[in-house]
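Spelled out, the chains give:
There are 2 protein chains.
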Amino acid sequence: MNFCSACGHTVELRIPAGDSFTRYVCPSCGKVHYQNPLLVVGCVPEWNDQVLLCRRAIEPRRGYWTIPAGFMENDETLAEGAARETMEEAMARVEIQDMFAVVDVVHARQVHVMFRARLLDGRFGAGAESLEVALFDPGDIPWDEIAFLSVRFALEKFLEDRAAGVVRLHTTALERRGGG
Amino acid sequence: MNFCSACGHTVELRIPAGDSFTRYVCPSCGKVHYQNPLLVVGCVPEWNDQVLLCRRAIEPRRGYWTIPAGFMENDETLAEGAARETMEEAMARVEIQDMFAVVDVVHARQVHVMFRARLLDGRFGAGAESLEVALFDPGDIPWDEIAFLSVRFALEKFLEDRAAGVVRLHTTALERRGGG
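Those protein sequence lines, which keep their order, are chains G and C. Heads up, the first sequence is in this note's numbering, so the first residue is -17 and it goes up one at a time. Heads up, the second sequence is in this note's numbering, so the first residue is -17 and it goes up one at a time.
Wrong hints could be hidden among the right ones.
As the list claims (entries may be wrong) - Derived lysine to aspartate or glutamate pairs resembling EDC-like cross-links, with alpha carbons at most 20 Å apart:
1. G:139 <-> G:126
2. C:13 <-> G:31
3. G:139 <-> G:-6
4. C:13 <-> C:28
5. G:13 <-> C:31
6. G:13 <-> G:28
7. C:139 <-> C:55
8. C:13 <-> C:55
9. C:139 <-> G:80
10. G:13 <-> G:1
11. C:139 <-> C:114
12. C:13 <-> C:31
13. G:13 <-> C:41
14. G:139 <-> C:80
15. C:139 <-> C:41
16. G:139 <-> G:41
17. G:139 <-> G:111
18. C:13 <-> G:55
As the list claims (entries may be wrong) - Partial chain C-side listing against chain G, Cβ under 8 Å, derived:
19. 4
20. 7
21. 53
22. 54
23. 92
24. 113
25. 153
26. 155
Bear in mind the hints are in silico, worked out from the structure with no lab data behind them. Beta carbons are placed, not taken as given, at the ideal position from N, Cα and C, and that holds for glycine.
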């Protein structure tokens, strides 16, 4: 950040009065430009005991598999964001169910929130950010080609809990220098 | 937002190529300025079956009671943020336990994440953003003076679950025009 988005003046890095963190501050208009972690929302869509995965068409991790997920937008709920991302990336309509995984991805300044979900009609396709989208039996999931550690965590917990017939929340913090 | 924080040029509102949302975009350097919901993290600190509440010294809702909570910062986990806010607002050290409430506060463009917690040594005091801090028996909680709907939701679920001897996750979305 170089310039104040409000008045256009050059910003400075300093600790505002009453604060304890270094922020970008505008010395002209006084605006403090806070920077905070972003929410990523996604889901594990099920259909006939299979799970829907997307092979990424974009960086990071192009060519690797993931669940439908992306940045939460303003004016939507977490669940609405997860459903929207599923439509965008997998062209699939889902019923969003329980929130079951929350992952601190500290090095990326993100928090990932994942839901269970159910395909509404079994239809899906590759959205603009996906090379391909497919349903996998649990035994056929390409574990060595999963894009992100948070997605691996979510898929593992999802399958464990489904096998055990339980629904519960799993939380974890990824290593600060981990792979996202 | 009026100016590009990267190059200082005047920004425009438009839908970037490949996107489906209207964003602030810089026509000079091309930077897209995304705006996304913020995370608020907090906890319900317990001590001898009482809960710790703070009376707010700042707007919004000055003079009303809340649990220790505030905006998550970069480079911390959700739990670390909740503990930090408790130190700042209630001058109390806590052990953060289960995440038990996640609230979509859509109209404020926030997601509130609350944890159970335990005071480590029973000590607390009013931080700079609090008029006073006090322990309450459940029957003495000032329900008519609770600052935010998300805090009321969290306190109600916390007490219900404690009475029932269960630990579980509660999620809700506040009405889009509700009181936060």
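Now for the hints, and whether the structure bears them out:
no.	hint	verdict
1	G:139 <-> G:126	holds, 17 Å
2	C:13 <-> G:31	violated, 42 Å
3	G:139 <-> G:-6	violated, 44 Å
4	C:13 <-> C:28	violated, 46 Å
5	G:13 <-> C:31	violated, 42 Å
6	G:13 <-> G:28	violated, 46 Å
7	C:139 <-> C:55	violated, 26 Å
8	C:13 <-> C:55	violated, 23 Å
9	C:139 <-> G:80	holds, 17 Å
10	G:13 <-> G:1	holds, 13 Å
11	C:139 <-> C:114	violated, 24 Å
12	C:13 <-> C:31	violated, 52 Å
13	G:13 <-> C:41	holds, 17 Å
14	G:139 <-> C:80	holds, 17 Å
15	C:139 <-> C:41	violated, 26 Å
16	G:139 <-> G:41	violated, 25 Å
17	G:139 <-> G:111	violated, 25 Å
18	C:13 <-> G:55	holds, 18 Å
19	4	violated, 11 Å
20	7	violated, 13 Å
21	53	holds, 6 Å
22	54	holds, 5 Å
23	92	violated, 10 Å
24	113	violated, 15 Å
25	153	holds, 6 Å
26	155	holds, 5 Å
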